[in-house]
Each structure stands twice: as structure tokens, then as C-alpha cells.
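Student: The primary structure of each chain is shown beneath.
2 protein chains.
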Amino acid sequence: MTVYNRVALIGLGLIASSIAHAMRQHGLAGEITGHDVLPETRQVALDIGLVDRVFDSAAGAVEGADLVILCAPVGAMGDIAAEIGPHLAPGATVTDVGSVKQAVIEAVGPHLPAHVHFIPGHPLAGTEHSGPRSGFATLFINRWWLLTPLDGTDPAALARLRGFLETLGANVEEMDPHRHDLVLAVVSHTPHLIAYTMVGVADHLRRVTHEEVIKYSASGFRDFTRIAASDPTMWRDVFLTNKEATLDILGRFTEELFILQRAIRMGDGDQLFDYFTRTRAIRRGIIEAGQDTAAPDFGRAVQPPEKQGKG
Amino acid sequence: MTVYNRVALIGLGLIASSIAHAMRQHGLAGEITGHDVLPETRQVALDIGLVDRVFDSAAGAVEGADLVILCAPVGAMGDIAAEIGPHLAPGATVTDVGSVKQAVIEAVGPHLPAHVHFIPGHPLAGTEHSGPRSGFATLFINRWWLLTPLDGTDPAALARLRGFLETLGANVEEMDPHRHDLVLAVVSHTPHLIAYTMVGVADHLRRVTHEEVIKYSASGFRDFTRIAASDPTMWRDVFLTNKEATLDILGRFTEELFILQRAIRMGDGDQLFDYFTRTRAIRRGIIEAGQDTAAPDFGRAVQPPEKQGKG
Ligand SMILES: NC(=O)c1ccc[n+]([C@@H]2O[C@H](COP(=O)([O-])OP(=O)(O)OC[C@H]3O[C@@H](n4cnc5c(N)ncnc54)[C@H](OP(=O)(O)O)[C@@H]3O)[C@@H](O)[C@H]2O)c1
Ligand SMILES: NC(=O)c1ccc[n+]([C@@H]2O[C@H](COP(=O)([O-])OP(=O)(O)OC[C@H]3O[C@@H](n4cnc5c(N)ncnc54)[C@H](OP(=O)(O)O)[C@@H]3O)[C@@H](O)[C@H]2O)c1
Numbered sequence: 001m002t003v004y005n006r007v008a009l010i011g012l013g014l015i016a017s018s019i020a021h022a023m024r025q026h027g028l029a030g031e032i033t034g035h036d037v038l039p040e041t042r043q044v045a046l047d048i049g050l051v052d053r054v055f056d057s058a059a060g061a062v063e064g065a066d067l068v069i070l071c072a073p074v075g076a077m078g079d080i081a082a083e084i085g086p087h088l089a090p091g092a093t094v095t096d097v098g099s100v101k102q103a104v105i106e107a108v109g110p111h112l113p114a115h116v117h118f119i120p121g122h123p124l125a126g127t128e129h130s131g132p133r134s135g136f137a138t139l140f141i142n143r144w145w146l147l148t149p150l151d152g153t154d155p156a157a158l159a160r161l162r163g164f165l166e167t168l169g170a171n172v173e174e175m176d177p178h179r180h181d182l183v184l185a186v187v188s189h190t191p192h193l194i195a196y197t198m199v200g201v202a203d204h205l206r207r208v209t210h211e212e213v214i215k216y217s218a219s220g221f222r223d224f225t226r227i228a229a230s231d232p233t234m235w236r237d238v239f240l241t242n243k244e245a246t247l248d249i250l251g252r253f254t255e256e257l258f259i260l261q262r263a264i265r266m267g268d269g270d271q272l273f274d275y276f277t278r279t280r281a282i283r284r285g286i287i288e289a290g291q292d293t294a295a296p297d298f299g300r301a302v303q304p305p306e307k308q309g310k311g
Numbered sequence: 001m002t003v004y005n006r007v008a009l010i011g012l013g014l015i016a017s018s019i020a021h022a023m024r025q026h027g028l029a030g031e032i033t034g035h036d037v038l039p040e041t042r043q044v045a046l047d048i049g050l051v052d053r054v055f056d057s058a059a060g061a062v063e064g065a066d067l068v069i070l071c072a073p074v075g076a077m078g079d080i081a082a083e084i085g086p087h088l089a090p091g092a093t094v095t096d097v098g099s100v101k102q103a104v105i106e107a108v109g110p111h112l113p114a115h116v117h118f119i120p121g122h123p124l125a126g127t128e129h130s131g132p133r134s135g136f137a138t139l140f141i142n143r144w145w146l147l148t149p150l151d152g153t154d155p156a157a158l159a160r161l162r163g164f165l166e167t168l169g170a171n172v173e174e175m176d177p178h179r180h181d182l183v184l185a186v187v188s189h190t191p192h193l194i195a196y197t198m199v200g201v202a203d204h205l206r207r208v209t210h211e212e213v214i215k216y217s218a219s220g221f222r223d224f225t226r227i228a229a230s231d232p233t234m235w236r237d238v239f240l241t242n243k244e245a246t247l248d249i250l251g252r253f254t255e256e257l258f259i260l261q262r263a264i265r266m267g268d269g270d271q272l273f274d275y276f277t278r279t280r281a282i283r284r285g286i287i288e289a290g291q292d293t294a295a296p297d298f299g300r301a302v303q304p305p306e307k308q309g310k311g
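Chains as they are written, first to last, in my numbering: chain A, 1 to 311; chain B, 1 to 311.
It is possible that some hints are incorrect.
[Claimed, not checked] Here's a subset of chain B near chain A, in silico, CB distances under 10 Å, partners left out: (1) F55; (2) G91; (3) T246; (4) E255.
[Unchecked claim] Derived DEER-like restraints, expressed as beta-carbon distance ranges: (5) A:H210 <-> B:E40: 30 to 40 Å; (6) A:R278 <-> B:P110: 16 to 26 Å; (7) B:G49 <-> A:T2: 56 to 66 Å; (8) A:E31 <-> B:R265: 22 to 32 Å; (9) A:R265 <-> B:G152: 32 to 42 Å; (10) B:H204 <-> A:P110: 29 to 39 Å; (11) A:A281 <-> B:Q43: 45 to 55 Å; (12) B:R53 <-> A:R278: 30 to 40 Å; (13) B:G49 <-> A:R24: 50 to 60 Å; (14) B:D274 <-> A:A289: 36 to 46 Å; (15) B:A89 <-> A:I141: 34 to 44 Å; (16) B:G251 <-> A:D151: 33 to 43 Å; (17) A:Q43 <-> B:H204: 31 to 41 Å; (18) A:A114 <-> B:R265: 57 to 67 Å.
Since the hints were derived computationally from the structure, they do not count as laboratory data.
Quick caveat, the model's predicted, so the values are computed rather than measured.
Cβ atoms here follow ideal geometry from the backbone N, Cα and C, with glycine treated the same way.
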């Protein structure tokens, strides 16, 4: 069922391509237009049918669209908004999928004309892969899609966007942008920085060779390497734009790490045991809330080397 | 094909039960005996057929066994060795599965009589679950099983144990125990401590509620909660017994974290981008080496809440 006549996707990577596949599956858009900075990406998007038409410029892609979704890295959104502002159709809805919300609102908001509805958003869904070929229609199913609407947002425009996102499979909730950035610093941004750091440490160590790290990468480190394989541009932008909350949580993290480090040094087994017991409960909560699989080791199937790449 | 006539398992949790299932599947043991501190665990092990006979004491279980596998937490192994030492059959092989090797060698070695072969080992395989019901026969397939034999180990006893472990599906390698503890501090022990800490931080934060952390736990944090749901006793013992290497790697980790933290504070995007680009390569190496799945997000399937627990 068509919800928007023309949807423009700006930035044709993982999130945009997943939205495109899901829109096609549900017939949500009359037409899909798109733009990406890279000519190769634009060509792939056209070839695999993500979009009906691609444009060399973001301005061209948004012309006549009643929904515009900004799917570029957070740091690029201000410039994109400045470019498309004058070309947006009256009554159009503009949303984004950026992982940070306050910085996007500050960067994008001032460039948009009064006659469009700007409703910032963030799907809590993704993988470590990126680019136009990495998307899939089921990415958003049963995942949260947080909207951080500004004061005075038109209820009809909001309801229409909500309905659209729910048809993609998402559970939509509204949230204050400041709170969004703090919660995400805890559940996503700081864990990513920590994973990147640990993988970096392993990479730099001279006494343990690169081969050993790869060969014996056990549970724990393997999981970190998946997280630390995420798109560098996206994550650079996240940390630069959610600086305050990330530094705040990092400070807390270092404080607690020093406490555990001291317990190890002092041989205080009781303190370690108590700490490790309390963290178990959170995992149970997440599984009960349907936010992760209860299967051991995520149910992952590791293939012997000779079978990799063939499946 | 029977490799040992009687195999005794001491400590009947995840690793022991996985060994038992795999031994049964391949007919590797004439008879399996077992002991665990908890009477309930002993009963379960008997009921579900992990062992043919259980004993109230470790000493009873090892009587007449030609292979003894210590599968208890690392911190318990010294006492177990002291108890079983006088009861071991001449020519028996004693091995262990502890995640730390130097401390186990120091704690166990002195208690074993000269007429047994002590060959310390460590399977790089596990899940976040524990207990006698959590094991499965395929746990060791295509995973490393590191042996850290002492000087003067009998080649025939070593070859026999190797063949046994290979039939369980493992890739067996020999390693120096000191090096083992350092490599594992990098690829497993320190990542676990970090994951525990991050989950602990989320748990303690007053400004972000418990409900929010669970509800919005995105990729990154979710992965950490799985790691931080591992057995507290096992991990307490790992940190207490691999203290030196863990503290060493933790020091490196904090150093690098401070550098990235400073880059965030200073807004140095290039430094962040370069760091995040280099860590990607390690992930590729791990997947090519067949040590993890290339499927996005580990290929995990998250079930909607209403389906959880039914499958
Ligand atoms: N991946 C996740 O887990 C996830 C989850 C939720 C939200 N998000 C957010 O979704 C957005 C996109 O992430 P993604 O994972 O889809 O990344 P992605 O696969 O790398 O896609 C981003 C695309 O935007 C393009 N781009 C960069 N600058 C642009 C510009 N000025 N104009 C037009 N296109 C531009 C990129 O081109 P190049 O390849 O040339 O850079 C790339 O094709 C980000 O804001 C991110 O914070 C990501
Ligand atoms: N899990 C992994 O990922 C993994 C991987 C490789 C190696 N390991 C190593 O394997 C060993 C066992 O780990 P696991 O994962 O199998 O843990 P587990 O599922 O908790 O099993 C350990 C069992 O040993 C019992 N136990 C404790 N003290 C004992 C004693 N003095 N005598 C006899 N039994 C005793 C425990 O009883 P209670 O329940 O009463 O404590 C429990 O049933 C540890 O040394 C660990 O370092 C674990």
C-alpha cells in the first residue's frame, strides 16, 4: 500500500538499501529516487533495482519527493540539508537515520524551509557490513526505530511516517533527542569505541604476533572484531558528534575498570565474583525482552576454512 | 574406536558434558566415570547419560582410569590434584581444560606421582552457558585445543591424547604455557573483563534506567552482555590466576583508550578514522582463517518476544 508517492534516499549504503528492499516488498513507495556521492554506488543502486532513478546531486533526487530520508554519515547531513533545502516540495517530510540526534538536529534544522516537516529518527538496527549491496528487507523487523520529533511537529505528518516505519517492521517510539544521545552512548557508542580499542591493542602488540591473534581469536575477542569491522566514516562521525555523552560514559567506564583492575592486583576474588554475578541479570533481561537470541554463542555457525566463501 | 578404557571427568559442567557427548558419539571411551562437588549435578550427569558412574569423591572417580580430565574451575584444580594424586593408576594420563596454563601447572604438577603423564591443555571453545545440561557433541569441531606439555613428556602418551582430542573434532597444537597465558590474555581474558565492566557501568548508571538499557540494547552492547553472562566462578579464577598477563594487557588497553578519548575530545577525526580502518583488517583475517562466520551480525536470528522460549 503506497504511503508516499515519491521517496528520495540520500546516501545509498546499508540502511538506505535495507529501506529500499523493504519498501519494494510492501509497495510502500510510488517511486524511489536516490543520490550518493560515489558514481559507482549510484550505478550499483540502479543496477540492482534499489532506486528507480539516480541523480548526480541530492538536490535533483529530492525534487518532487514527499518523503526524503537522509541515510548518509552524520557528519555529511548538514551540507546535504543546505543543498536540498531550496528544492524540497511544500508539505514534504524530511527524516534521517543518523545514529546521533542532537547534532543532526542542529546541523540540518536551520537549512530546511518552514513548509516541510522535519522529523529526526534512528533505527536501532544494523550490521557490520556497509554499502548498497549489504541491505536486506528484514533488517528492521522487531527492531526499535526511535523518532525525536521537535516541538510543534505536525501530528498528521508524524502519524504518516510512523505508519510507514511500522510497515517496514519496526517498533516506533518517540524520545527526547538529548536522552537518545545519552542512552545510545551507553548501549552502542561507548561499546563500539572499547571494541575498536581492544582490537587495536591486539594489532599493535609486538610480543603476540598478528598470526596468533587471528589464529586463536577466541570467543570474546572475535565478537569485538565484528564490532570493530564497522564503517570507519560512520563511527568517526558518531564520536565527533556525540562527544559529550561518549566522554561522560567513557569516564565512568574507566573508573569501574580501575576498580576491577585493582581487585585483580589485590587478588580480591569476592569482589570479582560479585561483579560478574550482577552483570548476568542484564543478559537475561535482554533475552526476555526479545532483543537478542538465547542460542549459545548467538547460534553462529563457524564453517571450516575450506567451506568459507562457498555458502 | 576406544582410545581409553576408562575416562574420568572431574567437574561436570559445559566442557565436561561436551566431551562426554562427543566421546559417546565416537565410542572413544570404554567407560566414563565422573565427579562433581554438587550432588544435583552428579545426579543430572547420571540421568542424562553423560557418565556411566558417578562418585562422591574425585578420588573414587579416578580409580582405574587411564585418562583423567580435570574440568573444574582453574582455582579448584590444585585441591583436586592433591586428592586424586594417591589414587591414580600407574601409566594414566592426566590432562585439564583450564583457561590458564601456568597456574594450573604450578598447582597440579607437584601433587601428581611420577608414574602418571601430566599433559595440560585448553580447548578454545565454549559458550556463555554452563552446567551439565549445556554441553553438546559438536562444541570442539574445528576449534583449537592447545596442549602445553612439560619437558620430558612421554611421546606415546602425548600422541594418544592428541589422537583422542582430534577425534573430538579439535585441531591440536602445542604451545609454551607462558606464551599461552599471554596470547589468551589478549584474545579472551582482557576482552571478557572489558565486557563485564561495560555491562556493569550500564547497570550502575542512575540517569539511564535499567529498562532503557535492556530495551534499547543495540548491537555492541548486546554482544557484551552475552560475554558478561559467562560463569562468574570460572572468570574470577581466570583473572586471579592469569593476573600478570591480564594486568599487562589491561595497561596497554587503557593507554590506547586514553589516546582515542583525547582524539574525541580534540575533535581529531583523522586519527579516529585511521584507527577504525586498521582494525577492519583483523576481522577479515579471522573470517578467512575460518575462525568466525562472515554472516552479518553472526547470522543471529532474534525472535519476537512472544516466540522466545518456545523454540
Ligand atoms: N550501520 C549501522 O549499524 C547503522 C544503524 C543505524 C543508523 N545508522 C546510520 O545510518 C547512516 C548510514 O549508515 P550506513 O550503515 O548505511 O552506512 P554506509 O553503508 O556506509 O552508507 C552510507 C552511504 O552514504 C554515502 N555518502 C557519504 N557522504 C555522502 C553525501 N555527502 N551525500 C550523499 N551520500 C553520501 C556513502 O558513500 P561512501 O561509501 O563514498 O562514503 C555511503 O554510500 C549513518 O548516519 C549511520 O549513523 C547506521
Ligand atoms: N566455558 C568456556 O568457555 C571454557 C572454555 C575453555 C575452557 N574452560 C575451562 O573449563 C573449565 C570448566 O568450565 P565450564 O565452562 O565447563 O564451567 P561449568 O559449566 O561451570 O562447569 C564446572 C563444573 O565444575 C564443578 N566444580 C567446581 N569446583 C569443583 C571441585 N572442586 N571438584 C569438582 N567439581 C567442581 C562446578 O560445580 P558448581 O556448579 O557447583 O560450581 C561445575 O559443575 C574451567 O577451568 C574453564 O576455565 C571453559
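Student: Which numbered conditions among the earlier hints are violated in the structure presented, ordered from lowest to highest?
Tutor: Structure breaks hints 1, 2, 5, 6, 8, 11, 15, 16, 17, 18.
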